[in-house]
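Sequence order for the protein chains is D and A. Position 149 (the first sequence) corresponds to 149 in full-length UniProt numbering; numbering is contiguous. Position 310 (the second sequence) corresponds to 310 in full-length UniProt numbering; numbering is contiguous.
By construction, these hints were calculated from the structure, which means they are not laboratory data. Incorrect hints may have been included.
Repeated chains share a single entry, so a pair holds when one copy, or any two copies, can fit it.
The calculated SDA-like cross-link candidates involving lysine to any residue, where the alpha carbons are at most 25 Å apart (straight line), are [as the list claims (entries may be wrong)]: (1) K352 with E304; (2) K226 with L337; (3) K164 with K257; (4) K159 with Q89; (5) K440 with N342.
As the structure is a prediction and not an experimental result, all values here were calculated from the model.
Number of protein chains: 2
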Amino acid sequence: MDRQKILTNLNNFLSIQSISADPSYSSSISSAVEFLQNQLDHLGFQVKIIRSGHSTPPLIVAVREVSSSAKTIGIYGHYDVQPADPLSQWHYPPFRLTVKDGKMYGRGIADNKGHIIQNLSALQELITTNKLTNNLVVFFEGEEETGSLHLEKLLKKAKKYILKADTFFITDTGLFAKGITQIFYALRGLVYLELKVQVAEHDLHSGLYGNQIINPILAIAHLLSKIKDSVTGDILIPNFYQNLRKIPAKELNLLKKVKRSVDNIKTISGAYQIISARQLPSYLVTKILPSFDVHGINGGYSGEGAKTIIPSTASVKFSFRLVENQTVKEIEQKIRLFVKANLPQGVRFDLKTLSADEPFYTNLDNFFVQKTAALLSDHFGNKTLFNRSGGSIPAAEILQRLFQKPIILTGFTLPDDNIHAPNENYDEEMFWSGIEALKKIYG
Amino acid sequence: MDRQKILTNLNNFLSIQSISADPSYSSSISSAVEFLQNQLDHLGFQVKIIRSGHSTPPLIVAVREVSSSAKTIGIYGHYDVQPADPLSQWHYPPFRLTVKDGKMYGRGIADNKGHIIQNLSALQELITTNKLTNNLVVFFEGEEETGSLHLEKLLKKAKKYILKADTFFITDTGLFAKGITQIFYALRGLVYLELKVQVAEHDLHSGLYGNQIINPILAIAHLLSKIKDSVTGDILIPNFYQNLRKIPAKELNLLKKVKRSVDNIKTISGAYQIISARQLPSYLVTKILPSFDVHGINGGYSGEGAKTIIPSTASVKFSFRLVENQTVKEIEQKIRLFVKANLPQGVRFDLKTLSADEPFYTNLDNFFVQKTAALLSDHFGNKTLFNRSGGSIPAAEILQRLFQKPIILTGFTLPDDNIHAPNENYDEEMFWSGIEALKKIYG
Numbered sequence: 001m002d003r004q005k006i007l008t009n010l011n012n013f014l015s016i017q018s019i020s021a022d023p024s025y026s027s028s029i030s031s032a033v034e035f036l037q038n039q040l041d042h043l044g045f046q047v048k049i050i051r052s053g054h055s056t057p058p059l060i061v062a063v064r065e066v067s068s069s070a071k072t073i074g075i076y077g078h079y080d081v082q083p084a085d086p087l088s089q090w091h092y093p094p095f096r097l098t099v100k101d102g103k104m105y106g107r108g109i110a111d112n113k114g115h116i117i118q119n120l121s122a123l124q125e126l127i128t129t130n131k132l133t134n135n136l137v138v139f140f141e142g143e144e145e146t147g148s149l150h151l152e153k154l155l156k157k158a159k160k161y162i163l164k165a166d167t168f169f170i171t172d173t174g175l176f177a178k179g180i181t182q183i184f185y186a187l188r189g190l191v192y193l194e195l196k197v198q199v200a201e202h203d204l205h206s207g208l209y210g211n212q213i214i215n216p217i218l219a220i221a222h223l224l225s226k227i228k229d230s231v232t233g234d235i236l237i238p239n240f241y242q243n244l245r246k247i248p249a250k251e252l253n254l255l256k257k258v259k260r261s262v263d264n265i266k267t268i269s270g271a272y273q274i275i276s277a278r279q280l281p282s283y284l285v286t287k288i289l290p291s292f293d294v295h296g297i298n299g300g301y302s303g304e305g306a307k308t309i310i311p312s313t314a315s316v317k318f319s320f321r322l323v324e325n326q327t328v329k330e331i332e333q334k335i336r337l338f339v340k341a342n343l344p345q346g347v348r349f350d351l352k353t354l355s356a357d358e359p360f361y362t363n364l365d366n367f368f369v370q371k372t373a374a375l376l377s378d379h380f381g382n383k384t385l386f387n388r389s390g391g392s393i394p395a396a397e398i399l400q401r402l403f404q405k406p407i408i409l410t411g412f413t414l415p416d417d418n419i420h421a422p423n424e425n426y427d428e429e430m431f432w433s434g435i436e437a438l439k440k441i442y443g
Numbered sequence: 001m002d003r004q005k006i007l008t009n010l011n012n013f014l015s016i017q018s019i020s021a022d023p024s025y026s027s028s029i030s031s032a033v034e035f036l037q038n039q040l041d042h043l044g045f046q047v048k049i050i051r052s053g054h055s056t057p058p059l060i061v062a063v064r065e066v067s068s069s070a071k072t073i074g075i076y077g078h079y080d081v082q083p084a085d086p087l088s089q090w091h092y093p094p095f096r097l098t099v100k101d102g103k104m105y106g107r108g109i110a111d112n113k114g115h116i117i118q119n120l121s122a123l124q125e126l127i128t129t130n131k132l133t134n135n136l137v138v139f140f141e142g143e144e145e146t147g148s149l150h151l152e153k154l155l156k157k158a159k160k161y162i163l164k165a166d167t168f169f170i171t172d173t174g175l176f177a178k179g180i181t182q183i184f185y186a187l188r189g190l191v192y193l194e195l196k197v198q199v200a201e202h203d204l205h206s207g208l209y210g211n212q213i214i215n216p217i218l219a220i221a222h223l224l225s226k227i228k229d230s231v232t233g234d235i236l237i238p239n240f241y242q243n244l245r246k247i248p249a250k251e252l253n254l255l256k257k258v259k260r261s262v263d264n265i266k267t268i269s270g271a272y273q274i275i276s277a278r279q280l281p282s283y284l285v286t287k288i289l290p291s292f293d294v295h296g297i298n299g300g301y302s303g304e305g306a307k308t309i310i311p312s313t314a315s316v317k318f319s320f321r322l323v324e325n326q327t328v329k330e331i332e333q334k335i336r337l338f339v340k341a342n343l344p345q346g347v348r349f350d351l352k353t354l355s356a357d358e359p360f361y362t363n364l365d366n367f368f369v370q371k372t373a374a375l376l377s378d379h380f381g382n383k384t385l386f387n388r389s390g391g392s393i394p395a396a397e398i399l400q401r402l403f404q405k406p407i408i409l410t411g412f413t414l415p416d417d418n419i420h421a422p423n424e425n426y427d428e429e430m431f432w433s434g435i436e437a438l439k440k441i442y443g
């Protein structure tokens, strides 16, 4: 394997600022598509670019057949990345590969560009050494970080290629610890909203109007505080937990193997305090419970010093993560009712759903999952664990629903990979070892 | 009176972006000082620039003696202005005079540059026509909009000039309505704070950590929601109202004359909903009650689209307005205890007091107040009203405490003057009429 060539390739991919959240990066999205198309062309794939509209990042679908009687492996990835801000917190430039002290840094290196390069490198090696015995259908989307809004539509358009797959690999998660692999059988869903509140035509003097005018930041604060109990961690929206599946003892026992101590979570996350919810141990609350978080808030004066205004507007972005048996439709409806009922009379507001995807849950009892687990155990020398992730990868649920084939969610980054945060990174050793593992799996 | 010359003068003054809140405008502060020094020089004043430090806007003190037996009139003003943002909401450029449909627009035109130009124009007219019979001590500060942090120190340094005053005029308030003057006998005090909360070393993925990590925006939301009851309008900090003076019936009767209907407040403010507090009529709650407001909040992602992070930090600016018998020291202490007790364990926070000033309350039974009220009633043809303002002008309380002389708070802007907000304005007719009124008062 030509490591230098792979690193150059990775650096080129990281340099493309394919941020799907911000439309001003749309030309970078096109560059990422072109980059991958070239890679797949060189590997002898038949490449199709599937579009759902001018401004939507397309789906790249690439097919390579060894023989019509061989099994077909589906491989999913996403070429879009999270925004890089806050830029000041990065130790290295985000849109370039930096290798330092055994870590590789860059926006998207863990989520998901590094994994894409690993997949392509493994396939290249198998192809050039003539060891590939499976047919392949590789597809990369560009909207994962904004909730894969058009993925279902795009997959349906590409149905004739993709339905050939006997199983789907989604390498967009990480290791439990260095050298300890895990396969995820559940992901949380997501309903992500933005609320804008307006109380007046313009900002007002807080001395002249204080007590007399609704403060929009305070209105939002009251609303947010009513959504979640700060002591119990309960989400207080009526009937929010109504459809929660009771996790059977057998599954809870499985999850005990992926238990982390509060101290371990603290070290991995860099958070000062680890909390919990609904009286469960902390390690479980991101896995089996829905959650509520605020991602951004903005209103009034944030410059230097003191400005004594009641701002006319304020806005906030927040989301709910869902678990199996909850649905986007049900939860979104409950949220909308709650927001409307808990904003003060007389304010104007606009509540937009920015992204939504269903929770994912799958059965582990099948050939592909068990074989992959065994190969990974063997390669890394540690038993592969089965886990649930608190994150959301819409593709998992959509692929399962559309094609009814086993979904294998795995990956090789470490828990401190800082995805969605500054200094996103990939452990160097696990990066190279991951390529070797993928060769065994896809071979 | 050469109106064109006065307008040119006013435009020149408005063009100086003397924003005291933002240190990057310090050279504009110097320009404003130079501008006023020139004006006062030309009027034959002895001008002193009193400084308390290199980076602090100085106090300009100007003395002009007619005779040692004459009364001395003290005139206060402030040459600093509020920041102009949000810029997009201005209909005209903020740092230039625009006269349109009977209104004069510009940042600071009402608060307080217009009044300063009125004062200087009235004095110029009296001086050039030889009608000035009083001695004058005119002084302008440059820190009013940031809470007059050094004013007390500066006034003490300038004591020998200022203690000659027999009364002080502070023309930094407005009319009750067009042609109806008012003199303010009470102002609210202010304690303005900024809170920064940090929960982790860097932003974290809300899927992987949602439920497990404290959300700093939510921590602030819970805190803010505990400070004020959204239904009753009560400030919930323990013993917050403890020292409130009971307003006697006589004073409440006086305030009935400055009553405004909810509809009138709505029209003047441009707010969609008028609220109240502690079951009082809305028009009273800005006058006789302390208040709590949030001026700015900032945390996490505010760009386009969805970013799924738990931000590591969030910050908020908020303030309390105080009424007579409450003190800055007492209230600040109560706030600090409350914030500390109501943030979740394990977050790091920094709570800074950005500005503070004591409430002002004065006696109306004295010669200067009554004479001024009579002159204003006569000039405008409507009885002068006595009122309380919800705003804060630290100079009033400081001057009263240091020099024990009558303080006369008045001014000529209209209630929809939009001070501290976009499209700050001064009614043209009241601007010119105000100059004539000041000539009668100072003559």
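The hints, checked one at a time:
For the homomeric pair K352 and E304, the shortest alpha-carbon distance between copies (12 Å) is at most 25 Å, but the shortest distance inside one copy (31 Å) is not. Taking the closest pair of Cα atoms, K226 and L337 come within 25 Å of each other both inside a single copy (13 Å) and across two copies (23 Å). Neither within a single protomer nor between protomers do K164 and K257 lie at most 25 Å apart by alpha-carbon distance, with minima of 35 Å and 83 Å respectively. Proximity of K159 and Q89 under a CA criterion of 25 Å is satisfied in neither setting, with 42 Å inside one chain copy and 50 Å between copies.
Taking the closest pair of Cα atoms, K440 and N342 never come within 25 Å of each other, the shortest separation being 55 Å inside a single copy and 55 Å across copies.
In this structure, the earlier hints numbered 3, 4 and 5 are contradicted, and the remaining ones agree with it.
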